[in-house]
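Visitor: Could you put the whole structure together from the sequences, leaning on the hints where they help?
Residue numbers (the numbering used here), protein chains in the order written: chain A, 3 to 302; chain B, 634 to 927; chain C, 565 to 1001.
Worth flagging that the hints you see were computed from the coordinates, not collected in a lab.
Every value quoted in this text rests on a predicted model; they were computed, and no experiment measured them.
Keep in mind that the hints are not guaranteed to be accurate.
[To be verified] As a list, the in silico SDA-like pairs of lysine to any residue whose alpha-carbon atoms are at most 25 Å apart: (1) C:Lys621 <-> B:Ile825; (2) C:Lys663 <-> B:Leu819; (3) C:Lys621 <-> B:Ala716.
[To be verified] Okay, the calculated beta carbon distance ranges per label pair: (4) A:Gly151 <-> C:Lys824: 56 to 64 Å; (5) B:Ala843 <-> A:Leu98: 30 to 38 Å; (6) C:Asp701 <-> B:Leu683: 31 to 39 Å; (7) A:Glu154 <-> C:Glu929: 36 to 44 Å; (8) B:Leu731 <-> A:Gly61: 25 to 33 Å; (9) B:Ile903 <-> C:Asp980: 38 to 46 Å; (10) A:Gly109 <-> B:Phe727: 45 to 53 Å.
We treat Cβ as the ideally placed atom computed from N, Cα and C, and that holds for glycine.
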Amino acid sequence: MLAPGSTARRALGSDQVAGWLFVAPAVVLIGIFGLVPIGWSAIMSFQANDLVSAPSWVGLANYQALARDPVFMASVRHTLVYTVLFVPLSVAGSLLVAWALNRKLRGVRFYRLAVFVPVVTSTVATGIIFMWLLDPVFGLVNYFLSLVGLPEQGFLQDTNQALVCIVFMTVWGWLGFDVIIYLAALQGIPQELMEAAQIDGAGKWSSFRNVVLPFLRPATLFLIVWSTISALQLFDEIYVTTRGGPLGSTTVIVYYLYQQAFQFFNAGYGAAIAYVLFLAILLITIIQLKVGGRSVYGKA
Amino acid sequence: MESGTLIRADRPLDLEAVPERRPRRWPFSPWHFFLIPLALMMLMPLIWSLVTSLETASEAQRFPPVLIPSALHFSNYVDAWNALPFGHFFLNSFLYSLATVAGNLLFCSLAAYAFARLRFIGGNLLFVLLLVTLMVPFQVVLIPTFLIVRNLGLIDSVGGLIVPNLCAVFGIFLLRQFFQSLPVELEEAARIDGASRLGVFFKIVLPLSAPVLATLAIIQFMWSWNDFLWPLIIITTPERSPLQLGLSMFQGAHVTQWNLLMAGTVMSQIPMLAVFLLAQRWFIQSIAYTGIKQ
Amino acid sequence: MRRKSIGIVGLLALVLAVMALTAGCGSSGGDTSATSGAGPTGVVNITMWHGDIDYAKTAVDALVAEWNQANPNIQVTALYNGGSDFALQKTLTAIAGGKPPDITYLFGSWMANIVKSPKVVLLNDLIESDPSVDWEDFWPTERLAATVDGKIVGIPALVDNLALVYNKKLFDQAGLDYPTAEWTWDDFRAAAKALTDPARKQFGWAYPADGSEDTVWHWEAMLWEAGGDILTPDNTKAAFNSPAGVQALTMLGDMATIDKSIYLDITNTKTSSVFNAGRIGMLVTGPWDLPSFPNVDVGIQIMPAFVNHQTISGPDNWVILNNGPARVQASWEFIKWFTAAQQNLTYNLAVGALPLRESETKLPEYQEYLDKYPGIDTFVENMNNAVKARPTVPQYSKISEALGQAIVSVLLGKADAQTALDEAAAKTDAILAVPVP
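Guide: The structure is reproduced here in structure tokens:
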């Protein structure tokens, strides 16, 4: 038992030093490579900078131009559409898959591995593979569609379908990651609760809804927040496949940022885009956390 | 009923111990109708790239796609290896991945422990501030980070790849959640016995955390192994490129040899898959590991 | 709580302080002091970045070794730059990082951007004072592409042009006569239609439809063939939405949407593979593509005409960067030798690229070159049709983006040629109206 007072006071006092010492390396590293660049990019957003000659100050001009930029507005739309499709699909889909994998079945280990394989496949490889699979003329997917008598699709060539194709490609690529987290959470459901529910005569669906789902709230909130943050920052998959096309229909915010900064040499404008996105993500995440409760952080 | 924590520390995780709803075990459950197509969908692109990597260049382009090549052209792997400095690519990727894993394991765990157990002024605020950096797309910090790395003289070096990635907030977040779920009595007992905080950390907390540390290691390894954008910006000399950047060199200005590209891709994925296979037990178990029963 | 607020302020102050420190370091100009060139033994070491892999790299290495043998006081290291698509970014990064190469390979379209860098050595004086470089020997379009506002930014490294490459077997199967030098675009269209067979997934033509410069420059050749121009002579306004432009784009659009005889490569990664698989009748492409078609018996012809048979060329350049007078001089000596007729012909013999200099066609080994690459003589003669070059203005990449979107929208049937070109012209005029620092 703790001796009241003395140990606690001693702990409190030197916790200060120990605490800061323990976090020091992390703070230095993340400070330099995380916080400083955030501040720096704020400064850059008030400059005109072409990465070749010296930058010049332009005040709010970049932000004003952003507000009038139809391509930027379109990229915001595309990003939001993507996020609204991606997050529910991947969170709900991974829950379903985790539920399926959380049982004794023949070969369940193989299925778990299969589900995780896309996560370790690099984006470059995924992009190449999907570009061939979805080719309107020579791709496998259209081939199978034609075999079963369905009409062939334009996929990445169709301005109305390209973004949806990217949604499927990214859900495919990240499902395993979410599944792992749900699997772990599912392990924690106390046996007694499931049994109690069954004794009460609850059917499978209702015990799922009333016992399992509430128990998974913290994991679900974590995944929703994490998926939203990732979705709003979509870039890699666009870069290796459509490059923002066709006709800009898959240009998302971060891709537009990359074009401005590294293709058109408008680095200051790119920084302004980045800062606007950052503030938006911050806002959205705060809202999600407040609405979802503080269950993400756990009872400390 | 626990509703707050993601992690439960009082029940040993056993993936095989599923609540038995039926007295019998079916050899084939209806779930297989769902899982088999799912597994196929997940694995198909990998299978396709494997098959393509063993075809000749003209077979790789045939339509309908050739699913069973006429012969297994393992020479593609040799050709791919020789076409580009793969030896360097692998070495650079290993250096990059192992160094970032080591850094993350050390620095993230130290910081996470402080956030989980130690009370110090500014602690909560600092944690939130660190979380904020998670919300920043990499492209925001790309240019300033590049400029900082330049000022440190690390451009076009593997060091320039490693140093900015030595401590990821994801790791701090994950480990903090985990440490909080450990029973605190163990640590308190050790403190009473006169152990220093560092001692408690190294002798008690870390050993108990082996599985979650393994998880972090695997995730960080994967992120470094598959990193493309940062090396693209930083590395200019091909011999210093890590794997994904190196692979992109197969996509020439006008010509792409698909069978060689797939061979290179498969080669680059093998270590990753091997690591996952070996560590699958720990990885899946880790997030809900047990404490010692009271 | 008061304690927490001190924490906030303290942290912010810390961040701002670090920012101020590093910002101060960062905004000072990018160039470092010029490193002295000659080592203690008087040997000057220079590095050259190129984009060649495979057998092309072997050819470069052989030439460099030959130079190093004969010139012990100037030693050259040739490095593969990781892919020329990123060469500009890499070069700018290297300049900013303080370790630039001496000679770097850059696309012609980047000349107007790189000229602004203080690290670039302008070649006007060197060329004037050193007639051994024989500047006029380079094809006119190369010299045009290397010059920005009268400043010569680089020395030609590679030249190409677009011509018609066709699959003889598919023509035979369709019972068509091979393309002639008198072909018009109507002839081309008719042939493409006859070669298209949806049941066999076969197309008459393939076109890069990703909206990139690849999409644009193919069409620009057609624009010139219709007698049009990209910009007005003073480079202040768009000129491509003229009747000539509309005619060229309408032809492209009709073939894509009405005849459906074009395979649209939206990702611009598949055309070569598909042509090599025997699914495409004709391509408009350059000599670099020929090694990708081992399975096809190809014929080569000049591009068809609207009113002329002009073609477009995409010369790339070697740019010399200033690492001190000794290294600049050494780089000049080396690159003069490397791009001289004899050495360039040796390279072209190994690689199948086109002669940089007209005088190469008079060398004894030239016949060997023609024999090794059947049909390449068409490409070489086609250099005489490359009379225009793309405008060397720094905003070209943005103009190209606008044009690319216009062309793709017509290819996908979303707009008609006049509307699309007018829209792109409006964007172009706005882009050109912004004053450049």
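Visitor: Hints first: check each against the structure and report whether it holds.
Guide: Hint by hint, here is what the structure shows:
With a C-alpha separation of about 69 Å, the suggested pair C:Lys621 and B:Ile825 falls outside the 25 Å cut-off, and the hint is violated. At most 25 Å may separate the alpha-carbon atoms for a hinted pair to count; C:Lys663 and B:Leu819 exceed this at roughly 54 Å. In summary, the hint linking C:Lys621 to B:Ala716 is supported, as the alpha carbons are separated by about 10 Å, within the 25 Å threshold. A C-beta distance of roughly 21 Å is found between A:Gly151 and C:Lys824, which places it outside the suggested range of 56 to 64 Å.
About 31 Å separates the C-beta atoms of B:Ala843 and A:Leu98, a value consistent with the hinted range of 30 to 38 Å. C:Asp701 and B:Leu683 have their C-beta atoms about 52 Å apart, which leaves the hinted 31 to 39 Å range violated. For the pair A:Glu154 and C:Glu929, the supplied restraint of 36 to 44 Å is violated, since their beta-carbon distance comes to about 51 Å. Taking 25 to 33 Å as the suggested C-beta distance range, the pair B:Leu731 and A:Gly61 does not conform, at roughly 46 Å.
A C-beta distance of roughly 52 Å is found between B:Ile903 and C:Asp980, which places it outside the suggested range of 38 to 46 Å. Separation of A:Gly109 from B:Phe727 is about 33 Å and departs from the stated range, judged on CB atoms against 45 to 53 Å.
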